[in-house]
Structure formats: C-alpha cells, structure tokens
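Colleague: One-letter residues, chain by chain:
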Amino acid sequence: MHSQVSFRSGRLIELSVGEPAENMALDQAMLESVDEGGPPTLRLYQWSEPTLSIGYFQPIADRVKHVESRSAVCVRRASGGGAILHHHELTYSIAWPIDGQPAGANLKLYHDTHKAIADTIGNFGVRAARFSETASNRVYREQASRITGVDPFLCFQRRFDDDLIVNGYKVVGSAQRKGKRAVLQHGSLLVRASELAPQLPGLWELGASSYAVAEIAQAIVMNLSETLKVRWRAASWTGEETDRAIHLASERFDTPSWLHRK
Amino acid sequence: MSRDPSKLLYAETHEWADLVTDADQSVATIGISAFAIEQLNDLVFMDLPPIGKVLTAGEEFGEVESVKAVSPLYSPVSGEVVEVHSELPESLDKLNDDPYDFGWIIKVKLSGNDGREKLMDQSTYEKQCAEAG
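Those protein sequence lines, which keep their order, are chains P and B.
In terms of our numbering, the first sequence opens at residue 1 and continues consecutively.
In terms of our numbering, the second sequence opens at residue 263 and continues consecutively.
This is chain P alone, in the form it adopts within the complex (with noise of 0.2 Å):
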C-alpha cells in the first residue's frame, strides 16, 4: 500500500521579461505576500537587459574584479553571495511558509528545488551532479582553505554541496532571503554563455538538446511541482503586490543608496 500524497496549492507568475529592479522589487513583494500568510508562489523571469547583480554584501568596488560584464547594467539583490550576469538565462524565484522558527537558510527547499532543476536539465540531455558527490569536491575545499576569507566575485564561480555541476561547470546559482514565517529563493540557470562571461558555460555549451527558454521553464514547473509536493496554478500578481513592487522599485533597488550600499 503506498500512503496517500498530498499536494498544496501554489500560484505560479509565468514566464515574464522584467526590469532589473522591478525583477527584484517583485521578489521582494513576493516573499512580503507570503510572510503575510499567502500561499506557496512560484515566479519565472528573465531580465529586459543585460544585468549584473550582486550580492546583499558585496561591495559594489568589486564589479571591477569581472571586467567582461563592465556594460552591464547592475542591480543589488536581497539575498546575499555572489555576482550573477543575467543574460542568456532563466531566473525562478519561490516565496515558501517557513514552519516554526528554523535558523539560517531551508536547505531542505535549495535541495528539493535543485532536484527538481537537474531532473529537467536530464530530460534536455545535461546530467548534473551536487558539488558534494563530485570528485572536485575535495580540491575546491582544499583550496578554498589555503586562501581563505576569498570568495570568487561571481556565484558561478563559488561552489557549495547542493549546487548542481556539469562537467566541472556550476550551472544553477540559487540564494535565499529569509522573512519572519517565509523565505524567498531565487536562482538562475544559465541557458547559454553570454559574452559577458565566456568563462561561464550555458546549458547550449554543455550539450542540451534546446536552449528554449520557455521549454525549460514550464519543465522546470513541472518537476517543481513533484519535488515540493505543490499544485500550481498560473495567476496574477495582486493589486497590493503590484503597487508594492512598484515603491520597492522606485524607494530601494532602484536607487543608487541602495547600490552603493557596500
């Protein structure tokens, strides 16, 4: 006899091309949405431009270290580690209730989503490994603790047990900022190289069958919806969430306070 599965009911904002602040800002809204006691939400998107963001601490003087991106537009995110260039790729985000008071990040919610991100890459013909079940594992840490206190500026170029890696490439960058009963984690999957960061292989590069965007997100939907055990069901934004996005935008990503924060 297999136990009964239940699934929750999550809303999904499809596919979407936003601004690199209004892309943040909504994030933003999103995971306030859900602290207020909305349901699960899961967001698509990919950025009108070219876009470099940062990290919740990264100092801005370090965009020099990547001079590739250098006409990039740049953008300071909520959630902290290293820079993304935005390009040729695909961003999610999820806004998810958090249960009780856990400290520090939901590994169980990186670990689930990336599953559910490397079963889809498999189904386009790139199988990814964790970090932690490849043989480089044990190099990087040893490197890493020679140089220490160093962390590579772009996130691609950081490795952590649940990212997913592709012949030696990280593929998916994920990072989550936490609120009171919610926590929000967005990620990119690069999809193909930007000349903005050559260094940096897409999918396309690593042998995918397709780089059509819209393909992999509405698989990745799919795989999200069996690996977090959720439901979802397209919708809108509401009109507080609008509105909300609308002064995040214009009172904190998009300003140069905010920026230049660090």
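Incorrect hints may appear among the rest.
Unchecked claim - Cross-link-like lysine-lysine pairs, in silico, BS3-like; alpha carbons within 25 Å at most: (1) B:389 / B:269; (2) P:262 / B:356; (3) P:262 / B:269; (4) P:108 / B:389; (5) B:380 / P:262.
Unchecked claim - Stretch-level coverage of chain B by chain P, calculated; a stretch enters the list once three of its residues show a Cβ under 8 Å from a Cβ in chain P: (6) 268-282; (7) 323-337; (8) 384-394.
The set of hints was computed from the structure by calculation and includes no laboratory data.
Note that the coordinates shown come from a computational prediction; the quantities given were computed from them, not determined experimentally.
Built from N, CA and C at the ideal position, the CB exists for glycine as well.
With chain P's structure known, arrange chain B on it following the hints.
Modeller: Structure of chain B alone, referenced to chain P:
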C-alpha cells in the same frame, strides 16, 4: 564575569536579551543564541544598526549572511540603541565559541511598552528549539 545563558530571556526568533536595571534606566544587551549560531552555519557578514536608532520589539535591527541565506535579526525589546559591538562583524568566527559574552551585538535602553512579556526563559526556549529540530 561571564554571562549565564540560564539567566537570559529569549525571543522566538532566537535573540537573547540580558536585562539590567539600575537607579536610572533599564538596558538590554542583545545577542543571538548558541542554537541559532549553530543552525546559521558559518556566518560571513553582519550589519549593525546606528547608535540612536529607535526599535520596536519584533522589528529588524540588523542582518546576517550565512551559508546560502540572508536572515534578519529582530529586536526582542523596544527602546533606543545606545551601543553597538562594532568589532563583531569583523570577528564573526568568534561567535561560535562565545555567543553570550564576546557575541553581544547591541545594547538597547528600554522605553515604553518594552516587549519583555513576550520573551521566554531558557527552558521554554530550549523546548522551542527541540521542536524545530
């Protein structure tokens, strides 16, 4: 003299408060519990509030970045920030060893409805932690 964790009050969001009252005022010294520091796993950055900032109990007063997450820090009490541990963000590796003495983050001069009635003693807080796993 080192601080005794069993004498502290705790917020559900894992901050501890050490309340001291003298003839003129009550001041809470605030930090993060050993349980939370272990769960946060490898703190790399911390933001502190400016001195003089007025906080309401439950309001964010700072942020920490740990492995894969930025998490807010919430003030367990209401009042004005009168001192910040400015050395701490550069020495986060010491938090694991000494969360209750070296690990203090801010001092808040209590005011008005200071919010302490919502705080837990250590045994109640430990039950919450056990349930969180």
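Colleague: Run every hint past the structure and note whether it holds.
Modeller: Consistency of the hints with the structure:
1. B:389 / B:269: Distance ~16 Å between residue 389 (chain B) and residue 269 (chain B) Cα, so the pair holds.
2. P:262 / B:356: Answer holds: residue 262 (chain P) to residue 356 (chain B) is near 23 Å, not above 25 Å.
3. P:262 / B:269: At roughly 37 Å apart (the allowed maximum being 25 Å), residue 269 (chain B) and residue 262 (chain P) break the hint.
4. P:108 / B:389: Answer holds: residue 108 (chain P) to residue 389 (chain B) is near 22 Å, not above 25 Å.
5. B:380 / P:262: Measuring from Cα to Cα gives roughly 34 Å; hence the hint is violated.
6. 268-282: holds (count 3)
7. 323-337: holds (count 10)
8. 384-394: holds (count 3)
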